[in-house]
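First to last, the sequence lines map onto chains L and U.
Note that the first sequence covers residues 13 to 128 in our numbering.
Note that the second sequence covers residues 883 to 998 in our numbering.
No lab work stands behind these hints, which were simulated from the structure alone.
Source: prediction; values computed, not measured.
Among these hints, one or two may not hold up.
[To be verified] Subject to a maximum C-alpha distance of 20 Å in a straight line, what follows is the list of computed SDA-like cross-link-like pairs (lysine to any residue):
1. L:K67 / L:E81
2. L:K69 / U:Q884
3. L:K30 / L:G111
4. L:K15 / U:S908
5. L:K65 / U:Q884
6. L:K15 / L:F107
7. L:K67 / U:Y921
8. L:K67 / U:K931
9. U:K931 / L:E29
10. L:K69 / U:S908
11. U:K931 / L:S94
12. U:K931 / L:A110
13. L:K82 / L:M39
14. L:K69 / U:F978
15. U:K931 / L:E81
16. L:K83 / L:R124
17. L:K69 / U:K951
18. L:K83 / U:L979
19. L:K15 / U:Y921
20. U:K931 / U:S977
21. L:K69 / U:K931
22. U:K951 / L:E81
23. L:K25 / L:S109
24. L:K69 / U:R993
25. U:K931 / L:K65
[What the hints assert, rightly or not] Taking CB as the label site, the calculated pair distances span:
26. L:K82 / U:K940: 21 to 27 Å
27. U:E897 / L:D63: 43 to 49 Å
28. U:E898 / L:F32: 46 to 52 Å
[Said to hold, decoys possible] Covered stretches of chain U (chain L as the covering partner; in silico rule of three or more C-beta atoms under 8 Å from a C-beta of chain L):
29. 965 to 979
30. 987 to 998
Beta carbons are placed, not taken as given, at the ideal position from N, Cα and C, and that holds for glycine.
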Amino acid sequence: DVKVTQSSRYLVKRTGEKVFLECVQDMDHENMFWYRQDPGLGLRLIYFSYDVKMKEKGDIPEGYSVSREKKERFSLILESASTNQTSMYLCASSFVSAGTWGTEAFFGQGTRLTVV
Amino acid sequence: AQSVTQLDSQVPVFEEAPVELRCNYSSSVSVYLFWYVQYPNQGLQLLLKYLSGSTLVKSINGFEAEFNKSQTSFHLRKPSVHISDTAEYFCAVSSFLIQGAQKLVFGQGTRLTINP
């Protein structure tokens, strides 16, 4: 089974702190994604990556950055946490199979971040 | 830019009644389409997907969805729902970015509530 592991289930940080959310997948997937999930807004794409050191902005990248130094690990960084970044953060990965440009995404269990 | 619109934020139905959850997308390129389900206090699970071939796709638990390119829709249906189908359902669209890369965007979600 594909496993996508997020380093923390719950996190409480103070306003202004630099926050790192880590995600590791064990299936050699090319694509990795970071979303935030808020009630009524669904999942909103923050950043995604299709290869080591390659990244693309999603729909809400402001206030976030990412790092992908190794294929299996994709980190989300909140440079200076703010209360409006309190949310559930979901990491996902997907692979490229023959004849496609991608497949379904496999999700981690999420990190519930509270910024106080 | 691609986007997904789920037209109903909440859908209450009685047990054994039919249900349709609506999903429309916009994209200027070819797409893959997905439905995910999130049961209470659980992560996202793939329900069904359209990559190519038959436009009608089915899940193992009785749901089906039809890809309609002319109407840019991918509505989810089930002829008879059960209490256990109570969950939030997310529609997602994947579009080609560059070779080996996909951008995967989700809708706002539809909360399906089954009443006895």
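Here is what the structure says about each hint:
1. L:K67 / L:E81: Holds - the C-alpha atoms of L:E81 and L:K67 are around 11 Å apart, at most 20 Å.
2. L:K69 / U:Q884: 13 Å, holds
3. L:K30 / L:G111: Violated - the C-alpha atoms of L:G111 and L:K30 are around 41 Å apart, more than 20 Å.
4. L:K15 / U:S908: Roughly 31 Å separates the two Cα atoms, so the pair is violated.
5. L:K65 / U:Q884: 24 Å, violated
6. L:K15 / L:F107: 13 Å, holds
7. L:K67 / U:Y921: 31 Å, violated
8. L:K67 / U:K931: 25 Å, violated
9. U:K931 / L:E29: 40 Å, violated
10. L:K69 / U:S908: Roughly 19 Å between the alpha carbons, so the hint for L:K69 and U:S908 holds.
11. U:K931 / L:S94: Violated. U:K931 to L:S94 sits at ~36 Å, over the 20 Å cutoff.
12. U:K931 / L:A110: 16 Å, holds
13. L:K82 / L:M39: 13 Å, holds
14. L:K69 / U:F978: 15 Å, holds
15. U:K931 / L:E81: 31 Å, violated
16. L:K83 / L:R124: 24 Å, violated
17. L:K69 / U:K951: 27 Å, violated
18. L:K83 / U:L979: 19 Å, holds
19. L:K15 / U:Y921: 19 Å, holds
20. U:K931 / U:S977: 14 Å, holds
21. L:K69 / U:K931: The given pair, whose Cα atoms are some 25 Å apart, is violated under the 20 Å limit.
22. U:K951 / L:E81: With a Cα-Cα distance of about 38 Å, the restraint between U:K951 and L:E81 is violated, given a limit of 20 Å.
23. L:K25 / L:S109: Judged against 20 Å, a Cα distance of about 39 Å means the pair is violated.
24. L:K69 / U:R993: Distance of about 28 Å is beyond 20 Å: violated.
25. U:K931 / L:K65: 29 Å, violated
26. L:K82 / U:K940: 21 to 27 Å: 38 Å, violated
27. U:E897 / L:D63: 43 to 49 Å: 47 Å, holds
28. U:E898 / L:F32: 46 to 52 Å: 48 Å, holds
29. 965 to 979: holds (count 5)
30. 987 to 998: holds (count 5)
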